[in-house]
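Chemist: Listed below, chain by chain, are the residues.
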Amino acid sequence: MVTTVRPSVVHGEDTDIAWRGSGLGTQILVLSGRALRPVFLDPGRIFYSVLQPMVLLLLFSQVFSSIAETPAFPDNVSYVDFLVPAILFTTATTVATQAGVSMTSGLKNGVLARLRSMPVKPVSVLIARSIADLGRGAMELTVVLVLAALVFGYDPAGGVLGSVAALLLALATGWSLGWIFLAMATWLRGSENVQALSILVMIVLQFASSAFVPVEALPGYIQAIAQVNPISYGITGARDLALGNSGGSAVAITLLICACVTVAGVSLAVRGFVRVGRRA
Amino acid sequence: MTEPMIEAVGITKSFGKVTALDGVDISVPRGSVLGLLGHNGAGKTTLVNILTTMIPMTTGTARVAGFDVGRDAENVRRRIGLTGQFASVDEDLSGFQNLVLIARLLGASRAQARRRATDLLDIFGIADAAVRKAKTYSGGMRRRLDLAACLVGRPDVVFLDEPTTGLDPTSRMAMWEIVRTLVDDGTTMLLTTQYLDEADRLADIITVLAQGKIVAAGAASKLKAEVGQLTVTVRLDAPGDVAAAEIALRGAGMTPTHDENRHLLIIPVASARSMTAVVRALDEARVEPAELSLTEPTLDDVYLALTEQTLISEPSVRSA
Chain S
208 MVTTVRPSVV HGEDTDIAWR GSGLGTQILV LSGRALRPVF LDPGRIFYSV
258 LQPMVLLLLF SQVFSSIAET PAFPDNVSYV DFLVPAILFT TATTVATQAG
308 VSMTSGLKNG VLARLRSMPV KPVSVLIARS IADLGRGAME LTVVLVLAAL
358 VFGYDPAGGV LGSVAALLLA LATGWSLGWI FLAMATWLRG SENVQALSIL
408 VMIVLQFASS AFVPVEALPG YIQAIAQVNP ISYGITGARD LALGNSGGSA
458 VAITLLICAC VTVAGVSLAV RGFVRVGRRA
Chain E
27 MTEPMIEAVG ITKSFGKVTA LDGVDISVPR GSVLGLLGHN GAGKTTLVNI
77 LTTMIPMTTG TARVAGFDVG RDAENVRRRI GLTGQFASVD EDLSGFQNLV
127 LIARLLGASR AQARRRATDL LDIFGIADAA VRKAKTYSGG MRRRLDLAAC
177 LVGRPDVVFL DEPTTGLDPT SRMAMWEIVR TLVDDGTTML LTTQYLDEAD
227 RLADIITVLA QGKIVAAGAA SKLKAEVGQL TVTVRLDAPG DVAAAEIALR
277 GAGMTPTHDE NRHLLIIPVA SARSMTAVVR ALDEARVEPA ELSLTEPTLD
327 DVYLALTEQT LISEPSVRSA
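Those protein sequences? They're chains S and E, same order as listed.
Using my numbering, the letters of the first sequence correspond one by one to residues 208 to 487.
Using my numbering, the letters of the second sequence correspond one by one to residues 27 to 346.
Calculated from the structure, these hints are not laboratory results.
Do not take every clue at face value.
[Stated by the list, open to error] Here are the computed distance ranges between Cβ atoms for each label pair:
{"#": "1", "chain 1": "S", "residue 1": "Gln269", "chain 2": "E", "residue 2": "Val44", "range": "55 to 63 Å"}
{"#": "2", "chain 1": "S", "residue 1": "Ala471", "chain 2": "E", "residue 2": "Val35", "range": "19 to 27 Å"}
{"#": "3", "chain 1": "S", "residue 1": "Arg227", "chain 2": "E", "residue 2": "Gln111", "range": "21 to 29 Å"}
{"#": "4", "chain 1": "E", "residue 1": "Val157", "chain 2": "S", "residue 2": "Ala471", "range": "38 to 46 Å"}
[Claimed, not checked] Each computed SDA-like pair below joins lysine to any residue, with the alpha-carbon atoms no more than 20 Å apart:
{"#": "5", "chain 1": "E", "residue 1": "Lys248", "chain 2": "S", "residue 2": "Phe247"}
{"#": "6", "chain 1": "E", "residue 1": "Lys250", "chain 2": "E", "residue 2": "Thr144"}
{"#": "7", "chain 1": "E", "residue 1": "Lys43", "chain 2": "E", "residue 2": "Pro82"}
{"#": "8", "chain 1": "E", "residue 1": "Lys159", "chain 2": "S", "residue 2": "Leu243"}
{"#": "9", "chain 1": "E", "residue 1": "Lys250", "chain 2": "E", "residue 2": "Leu330"}
{"#": "10", "chain 1": "E", "residue 1": "Lys159", "chain 2": "S", "residue 2": "Lys328"}
{"#": "11", "chain 1": "E", "residue 1": "Lys161", "chain 2": "S", "residue 2": "Lys328"}
{"#": "12", "chain 1": "E", "residue 1": "Lys248", "chain 2": "E", "residue 2": "Arg288"}
{"#": "13", "chain 1": "E", "residue 1": "Lys239", "chain 2": "E", "residue 2": "Ser40"}
{"#": "14", "chain 1": "E", "residue 1": "Lys250", "chain 2": "E", "residue 2": "Arg227"}
{"#": "15", "chain 1": "S", "residue 1": "Lys328", "chain 2": "E", "residue 2": "Pro82"}
{"#": "16", "chain 1": "S", "residue 1": "Lys315", "chain 2": "E", "residue 2": "Thr321"}
{"#": "17", "chain 1": "E", "residue 1": "Lys250", "chain 2": "E", "residue 2": "Ser135"}
{"#": "18", "chain 1": "E", "residue 1": "Lys248", "chain 2": "E", "residue 2": "Ser58"}
{"#": "19", "chain 1": "S", "residue 1": "Lys328", "chain 2": "E", "residue 2": "Arg227"}
{"#": "20", "chain 1": "E", "residue 1": "Lys161", "chain 2": "S", "residue 2": "Val420"}
{"#": "21", "chain 1": "S", "residue 1": "Lys328", "chain 2": "E", "residue 2": "Ala99"}
{"#": "22", "chain 1": "E", "residue 1": "Lys161", "chain 2": "S", "residue 2": "Gly240"}
{"#": "23", "chain 1": "S", "residue 1": "Lys328", "chain 2": "E", "residue 2": "Phe93"}
{"#": "24", "chain 1": "E", "residue 1": "Lys161", "chain 2": "E", "residue 2": "Thr144"}
{"#": "25", "chain 1": "S", "residue 1": "Lys328", "chain 2": "E", "residue 2": "Asp98"}
{"#": "26", "chain 1": "S", "residue 1": "Lys315", "chain 2": "E", "residue 2": "Thr207"}
{"#": "27", "chain 1": "S", "residue 1": "Lys328", "chain 2": "S", "residue 2": "Leu314"}
{"#": "28", "chain 1": "E", "residue 1": "Lys161", "chain 2": "S", "residue 2": "Val411"}
[To be verified] Over 12 Å on every C-beta distance to chain E, these chain S residues come out as not near it, computed from the model:
{"#": "29", "residue": "Trp226"}
{"#": "30", "residue": "Thr301"}
{"#": "31", "residue": "Val318"}
{"#": "32", "residue": "Met325"}
{"#": "33", "residue": "Gly342"}
{"#": "34", "residue": "Ser456"}
{"#": "35", "residue": "Arg478"}
These numbers come from a predicted model, not from an experiment.
All C-beta atoms in this analysis are idealised placements derived from N, C-alpha and C, irrespective of residue type, glycine included.
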């Protein structure tokens, strides 16, 4: 096929309009739209991203349900009610690691290379990615909560409001951790490395915590990790909210940690992103 | 005389101990095309990356579209279009969506962006595939979409890094036609290539880069005249004639080289007029050539003479 190009059109026709770049707001809007598209429009991706937390919920509720009989376990709480706030957190951290993986594949396929040669601010690209992952997290967590209530008999004392508050806390934690994984993606070479390290960090954060069993029931050295693990505070906070306890301080500590993590993650990610092209 | 649209002075670039560029100077006047010719690893992409603000240079200065690439990168980015070696389009978006995205990021309104995307898809012959995801496109279509994407903002300077590498001949021809139209349209362009015929066809000035250094620069005809050698080729039918002819030519002060298998004698000459001397020498030796021809140097010859290396990775394409 022979393509004929009409010279006047390539550069001609309304050449008086010079497009020299858009504002930060437009950049974030346009790029978030692009990043969110697969999250809500790709049925395969939606199916698998929801499948994982469901399987986790199923497995844990069956495998560990006898823990509810042990002395360290709080009284008058069913294991499902104890477990669901934790599943919200593990799901949120999984979404956070995915942020890093998505970013590395973006760095690989050249789209981000084009953006770097355009008058587009690095921070817009990163914020757009982060917003997309927030959207994805919100969707997944909502599905988990609804299915847990409908299928697994999740019915905590804190009611709907408490559970929604727990969901929001998990979402905020996942979003702030996402920035660490985004930063990692911009600093590390190779998506395999990012994926391997992400999974490692994620597993430690998830299991050395109060997620699946009470902290008191863990061996001593793991207890030590669990007590400084931000996820433990988050999960404790989410349980307080969901179970209608008036503990409170865990929620505040979680939010404080999230704020610090976000600030550190954003600054590292922006620096790493600017640097990406420079090590070609 | 207006200032050059691309001007680089003394650019060096080191990656650790490896020197990728070693004192490169180039100057591209408005509306002309510089063809940057070199092997893989000669430093072509590094130079493009520096000039498009993607990576910083180690030493040197460069201005593109009147702005310093180091201090004023943002303004440079507003005025350039870059198409790299690998088509950088979003595979999950359609061709149309890809172009709209770029236009919006460059500050076009939704309506303007749609109009520009439609126009460009039409111009580049991918209007039929406008709504298909880019991952379903052929290599040639992807390249054209990629080139269209770099033209969305009507850039003052266009960088094409190996625009036809990996394309089939038909797609290559289509790409050439598009590039030539841009050139006719007055776009200032820097084009890198490993293909000599591509540089010969598309570029006004050719710069040959080898191991990070410019080894030659000038118009294709000038390079050929400088480095290439005009030759007379004599083909003889009888094996005995070859020896007789060789003696006669040496007697006339020429230095023929001998291709035994094909009964050929190749004689470097200073100008076309030396043809007469060749004929006279052969005539005196009573040797009748089966074929006599004058051969212009090709860019291949120039390239090989300059880089003093063999083309290892890619078989070279002979320019006509």
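Chemist: Would you mind marking each hint as holding or not holding in the structure?
Modeler: Do the hints match the structure? See the list:
1. Gln269(S) with Val44(E): 55 to 63 Å: Since the Cβ atoms of Gln269(S) and Val44(E) sit about 57 Å apart, the hinted range of 55 to 63 Å holds.
2. Ala471(S) with Val35(E): 19 to 27 Å: Violated: the Cβ-Cβ distance is about 41 Å, outside 19 to 27 Å.
3. Arg227(S) with Gln111(E): 21 to 29 Å: Taking Cβ atoms as reference, Arg227(S) and Gln111(E) lie about 26 Å apart, which means the hint holds.
4. Val157(E) with Ala471(S): 38 to 46 Å: Because 43 Å falls inside the window, the suggested range holds.
5. Lys248(E) with Phe247(S): violated, 59 Å
6. Lys250(E) with Thr144(E): violated, 43 Å
7. Lys43(E) with Pro82(E): Holds, because 16 Å separates the two Cα atoms, which is no more than 20 Å.
8. Lys159(E) with Leu243(S): Holds. Lys159(E) to Leu243(S) sits at ~16 Å (cutoff 20 Å).
9. Lys250(E) with Leu330(E): Distance ~12 Å between Lys250(E) and Leu330(E) Cα, so the pair holds.
10. Lys159(E) with Lys328(S): violated, 26 Å
11. Lys161(E) with Lys328(S): violated, 26 Å
12. Lys248(E) with Arg288(E): Violated - the C-alpha atoms of Arg288(E) and Lys248(E) are around 31 Å apart, more than 20 Å.
13. Lys239(E) with Ser40(E): holds, 13 Å
14. Lys250(E) with Arg227(E): holds, 14 Å
15. Lys328(S) with Pro82(E): holds, 17 Å
16. Lys315(S) with Thr321(E): violated, 47 Å
17. Lys250(E) with Ser135(E): violated, 50 Å
18. Lys248(E) with Ser58(E): holds, 17 Å
19. Lys328(S) with Arg227(E): violated, 37 Å
20. Lys161(E) with Val420(S): violated, 46 Å
21. Lys328(S) with Ala99(E): With a Cα-Cα distance of about 12 Å, the restraint between Lys328(S) and Ala99(E) holds, given a limit of 20 Å.
22. Lys161(E) with Gly240(S): holds, 19 Å
23. Lys328(S) with Phe93(E): Since the Cα atoms of Lys328(S) and Phe93(E) sit roughly 18 Å apart, the hinted pair holds (cutoff 20 Å).
24. Lys161(E) with Thr144(E): Roughly 19 Å between the alpha carbons, so the hint for Lys161(E) and Thr144(E) holds.
25. Lys328(S) with Asp98(E): holds, 14 Å
26. Lys315(S) with Thr207(E): violated, 31 Å
27. Lys328(S) with Leu314(S): holds, 15 Å
28. Lys161(E) with Val411(S): Answer violated: Lys161(E) to Val411(S) is near 37 Å, above 20 Å.
29. Trp226: violated, 4 Å
30. Thr301: holds, 21 Å
31. Val318: violated, 5 Å
32. Met325: Contrary to the label, Met325(S) does not stay out of reach of chain E, its closest Cβ about 6 Å off (not over 12 Å).
33. Gly342: The claim holds: Gly342(S) sits with its nearest Cβ about 16 Å from chain E, beyond 12 Å.
34. Ser456: holds, 44 Å
35. Arg478: The claim holds: Arg478(S) sits with its nearest Cβ about 15 Å from chain E, beyond 12 Å.
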